[in-house]
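Under my numbering, the first residue of the sequence shown is numbered 9, with each subsequent residue one higher.
Each hint can be trusted.
Simulated restraints on C-beta separations: (1) Ser48 - Gln158: 17 to 25 Å; (2) Gly68 - Asp181: 16 to 24 Å; (3) Glu76 - Glu210: 13 to 21 Å; (4) Asn189 - Lys58: 31 to 39 Å; (5) Thr133 - Gly68: 35 to 43 Å.
Hints are computed from structural coordinates only; laboratory data are not their basis. As the structure is a computational prediction, the values presented were derived from the model and not from experiment. Cβ coordinates follow ideal geometry from the N, Cα and C atoms, glycine included.
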Amino acid sequence: MKFIYTLFVLFTILIFTGCNDKPKEENIPPVKEYTTVEQSSYTIEDISTKAKYILKRQNGGFVVQGHEDKVVMFDMYATYCPPCRKEAPRLTDLQVKYSDKLLIIALNTFEDVSDSYIDDKFRFTYGAFYFIGNSKHNNIIISTILKDIQYEPSMQIPFKVVLKNAKYQKLTDIYGDNPNNNFYLGGVSTTVIEKDLKKIFEN
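Make the full structure from the sequences, and use the hints.
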């Protein structure tokens, strides 16, 4: 009964408001990119709740319309990716804990699967109770993010960026010591993510 109640709470929050530890390289196919016009926007829909977010281009990044005061984390993932699966319940915990400050938006990539498949094989199997978008246009958003942060290597998953006021935030470089790093590559511990988020919330 407690488990069912927890799931209900998680879905209420959603409505209202290669993988190994250092994964193999995956290539994103060439796709049309967003323009840099501030009025550009794109509507994304959650696979289960059908809740919609409108992403708006602003200051070289993105904000979510109606949630401009919140920090936004984009998580690029695939259902077959082991570290993506491992991270899912941890991201859920972060979304629940910081629901008043944080929006986690997962963008499925590198595979062509249905919403119901993701719901069954990923969300409910691995506890991914945060916003998941599964659109053929996901790669438009992803390619734009990579261009925004001037990321030139082939993208690997999981891959995350964090924005506040449409600006990409500095994140811990878990594989090096780049003080200007602005992405997470591969599996990242909750401790690292939460430490970075707390700094971002306070700034």
